[in-house]
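Mind docking chain B on chain A? Use the hints.
Protein chains in written order, with the working numbering: chain A, 1 to 343; chain B, 1 to 530.
Simulated from the structure, these hints should not be mistaken for laboratory data. Quick reminder that beta carbons are idealized off the backbone N, C-alpha and C, glycines included. Please note that the accuracy of each hint is not assured.
Okay, the calculated beta carbon distance ranges per label pair [claimed, not checked]: (1) Ala34(B) / Gly327(A): 26 to 34 Å; (2) Arg58(B) / Lys326(A): 21 to 29 Å; (3) Glu524(B) / Lys234(A): 46 to 54 Å; (4) Gly23(A) / Arg471(B): 18 to 26 Å; (5) Phe505(B) / Leu169(A): 54 to 62 Å; (6) Ala33(A) / Thr468(B): 28 to 36 Å; (7) Glu75(A) / Thr468(B): 38 to 46 Å; (8) Leu110(B) / Gln194(A): 25 to 33 Å; (9) Leu209(B) / Gln194(A): 28 to 36 Å; (10) Arg32(A) / Arg471(B): 23 to 31 Å; (11) Asp261(A) / Pro516(B): 53 to 61 Å; (12) Gln275(A) / Pro167(B): 45 to 53 Å.
Some, not all, of what chain A presents toward chain B, calculated at C-beta under 10 Å [claimed, not checked]: (13) Pro149; (14) Val150; (15) Phe151; (16) Ser152; (17) Pro154; (18) Gln208; (19) Arg257; (20) Lys278; (21) Val282; (22) Leu284; (23) Arg315.
Just a sample of chain A residues kept apart from chain B, beta carbon distances all over 12 Å, derived [claimed, not checked]: (24) Ala24; (25) His27; (26) Arg32; (27) Tyr81; (28) Thr90; (29) Asp198; (30) Gln212; (31) Leu217; (32) Asp253; (33) Trp255; (34) Ser256; (35) Gln272; (36) Ala324.
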Amino acid sequence: MGSADGIDQWIRPGPNGLEVNAGARFHIDALRASECVVVTHGHADHARPGHGRVIATPETLAIMAARYGENFTAEATPLPYHQDMVLGDTTIRLVPAGHVLGSAQVVIDHNGQRVVVSGDYKRKADPTCTAFEPVECDVFITEATFALPVFSHPDPETEIAKLLSSLRLFPERCHVIGAYSLGKAQRLIALIRQAGYDQPIYLHGAQQKLCQLYQDLGIDLGELKPATAGEKGKPREDLAGQIVIAPPSALADKWSRRLPDPLVVMASGWMQIRQRAKQSGVELPLILSDHADWADLIRTIDDVAPAEVWVTHGREEALIRALALKGVKARALSLIGYEDDAE
Amino acid sequence: MIHFATLLERLLFAPRRNTKLAWISTWLTECPPADRGWGVAAMAGDLDLGRVKHGVVRALARRVLDEELFAQSYDFVGDLAETTALIWPQHHDDNLRPNSQAPSLEDVVLTLQGASPDEAEDHLAGWLDRLDVTGRWGLLKLVTGGLRVGVSARMLRLSLAEAFGKPVEDIEEIWPLITPPYDDLFDWLEDRAMRPSAEDRAVFRPLMLAHPMDDAMAATVSPGDFLVEWKWDGARVQLASAPDGVRLFSRSGDAIGPAFPELVEGIEWQGVLDGELLAGTPDAVEPFQHLQQRLNRKKASKTLIRSRPVFFRAYDILFDGKTDLRPLPIEARRDRLAEVIRMLDHPLYDTSAELRFSGPGELDDLRAQCREGGLIEGLMLKARGSAYQQGRIKGVWYKWKRDPLTADVVLMYAQRGHGKRSSFYSDYTFGVWTGDGPEKQLVPVGKAYSGFTDAELKKLDQFVRTSTTNRFGPVREVAPTMVVEVAFDSIAPSSRHKSGLAMRFPRFASIRWDKPAEQADTLETLKALT
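Isolated chain A (complex conformation):
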């Protein structure tokens, strides 16, 4: 194990998020428009438009272009996984994070010391993105979205089996699934396909663009159709017994009234808490998360064996407490501005 001494001299949290200052100045997932930014993945709270220069994987750049238009930054620098790039006195490298398509950890080497910024990540299998790779380091800067011992995400296959068994039990009801538009929706579709379901899957308008992009980038999602095409306001009786995927916010919106006898499904890591799921009006909760659960957060820290752990956002107190019990030095960076409810 190396040492974390002096690392906070060249990488530290600033007003715009995590900031590196070593011969060159750049941010990671800057919260406001900044000069030079390394973006870990395409979720809106991490990838914002209007930066001078964005360095990210080609997939992340494609996602940003699809969401914000081609001019989302003055200069887009693609950096494929595992290639070194010199920035001032540092060398940076992007390594798969397993969170969504194109998601990356940022490995930063400077003066013989190494920092890894995890970005958002997970360790469970995901057919729509490259699997997480642990990289040993001196300081590991980790997320903590699901950092409580209550979070233990089940195998995705068992959750998809619940959905398909509900479709068999209630063949007359339209199964409308709330799923975040980037990553969750596509992973869900791919998992449903893996389970052998080959009917068309119907999409809310907000899901179509990114699903198309995933398919253009070579991820097979099968046959996808718009959920509410046709005359405006006219009920879609033909969707009885079909799967519809929509952003969570659309489930209780006027949009959902066109669906026949909808059975509300929600795919999210938060569904683990029954009372929460119940209160949000969900009839079938699917525990499907794109973040690491408690055991995987701890396992990952064991794998990368850092001298120190810095925690960016989520439930940092619990993770820091658990690491203290293991004798691992850890502190909270208290970065504000990254959401965890969108999961």
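Showing chain B alone in chain A's frame:
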């Protein structure tokens, strides 16, 4: 245990009553027979595992997790049973696969009933190791009580009737007689034994209920068809007296005798009476609000008994001694009732008088008198020659309610509904004007969720969405421009509401798209209706 835990989880998430009923029926036919009774008891709230308290579950949690991490987890989840189920380590050992050696519900109940808290903790730890997360959650919900899965005793009886193909009335009838695990119930349901008997026991008998009568039907009523009484504004009650005691039941079958000792004491006669609990005395009936002060209590103090007197106005008799009078025609029952009340000679018991009328015109006149004094809700019409049958039987008992009161009010706040209405703003708070000139403002006087058509609901929803001026969490404040005519059964002074008034059963009568908000009613107008 697995079957039961899975059922609890399904019930928790099932938004509709019918779905819940179907899940319970399925469980009754699929789970191990010895578990059924205990499961029904747990859902009905009749299962006491007394010594397993929250402390036992907390001690279990301390066995597997750091106290500070547990505190943070509990804080986030908000439910002790669920937190502990989630943090309990899942075994992946091949010799101990989850649920492979799980205890049955019967094992759990019988073991815990005889166990000390320390023994209970050890048993629970062993079981938690053998269950998956749903099983652990179900087990801990069961032992900590308060399942909160939205199932009533009535729903359980309906599911039992459905699962075993018996009339629900027969199950209702014996429900008060049976205790967990209800072996005698299942023996009868599965045709191994006779139905349990209520002889010599003071138990609740299912009530006969009335259908609403509309004005068109009322216009055809003749004295030869129906017997007519006032519909008193009190609470429906049943007095049951048998060798094992004298009990007073509410309309849902809850024993409320301890709250009304003066009605239970001094009853020497045995049998079952159906009637209305009213405030005041037989000579001077008082408004429902006076009764309410007694209904909300488990026990009544002597002072309250003196200051808020109540009495029993009988209108039917179900049993006289052991004799079941229910098959007799109503005229015969009423004759017997009159004799029994005379014989009781109790100052707090009288009979509801039969009203004379010659035809629809006089019936209409009688109904018009109901509004005066506010003590009578309308008329009861009971078919001549009819037997006493449980439930809401068509064509036998009718209630013809007096016309409701109405007021023009202004919509102030709206909230989303539940279930099918979760995408609609369907719960409305409304108010009336108070003060003058620059002081003039709206004060909320009630809430309504019903009385509008689906088409009107769509328009109301649209109005709320386009007229929102402020949001407080799930509540939207709307511009005060929409006038609604609300109907309500009565209105009374209330210290609980800011307006000082409380309406009974307010609902939409019409939406006054035409009426300017300034012309809605004032608080003074409403006060005059009390």
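Hints and how they fare:
no., hint, verdict
1, Ala34(B) / Gly327(A): 26 to 34 Å, "violated, 50 Å"
2, Arg58(B) / Lys326(A): 21 to 29 Å, "holds, 24 Å"
3, Glu524(B) / Lys234(A): 46 to 54 Å, "holds, 49 Å"
4, Gly23(A) / Arg471(B): 18 to 26 Å, "violated, 49 Å"
5, Phe505(B) / Leu169(A): 54 to 62 Å, "violated, 38 Å"
6, Ala33(A) / Thr468(B): 28 to 36 Å, "holds, 32 Å"
7, Glu75(A) / Thr468(B): 38 to 46 Å, "holds, 43 Å"
8, Leu110(B) / Gln194(A): 25 to 33 Å, "violated, 44 Å"
9, Leu209(B) / Gln194(A): 28 to 36 Å, "violated, 54 Å"
10, Arg32(A) / Arg471(B): 23 to 31 Å, "holds, 27 Å"
11, Asp261(A) / Pro516(B): 53 to 61 Å, "violated, 41 Å"
12, Gln275(A) / Pro167(B): 45 to 53 Å, "violated, 37 Å"
13, Pro149, "holds, 5 Å"
14, Val150, "holds, 4 Å"
15, Phe151, "holds, 8 Å"
16, Ser152, "holds, 7 Å"
17, Pro154, "holds, 8 Å"
18, Gln208, "violated, 22 Å"
19, Arg257, "holds, 6 Å"
20, Lys278, "holds, 6 Å"
21, Val282, "holds, 7 Å"
22, Leu284, "holds, 7 Å"
23, Arg315, "holds, 7 Å"
24, Ala24, "holds, 39 Å"
25, His27, "holds, 31 Å"
26, Arg32, "holds, 27 Å"
27, Tyr81, "holds, 32 Å"
28, Thr90, "holds, 36 Å"
29, Asp198, "holds, 28 Å"
30, Gln212, "holds, 27 Å"
31, Leu217, "holds, 34 Å"
32, Asp253, "violated, 6 Å"
33, Trp255, "violated, 8 Å"
34, Ser256, "violated, 6 Å"
35, Gln272, "violated, 7 Å"
36, Ala324, "violated, 10 Å"
The earlier numbered hints that this structure contradicts are 1, 4, 5, 8, 9, 11, 12, 18, 32, 33, 34, 35, 36.
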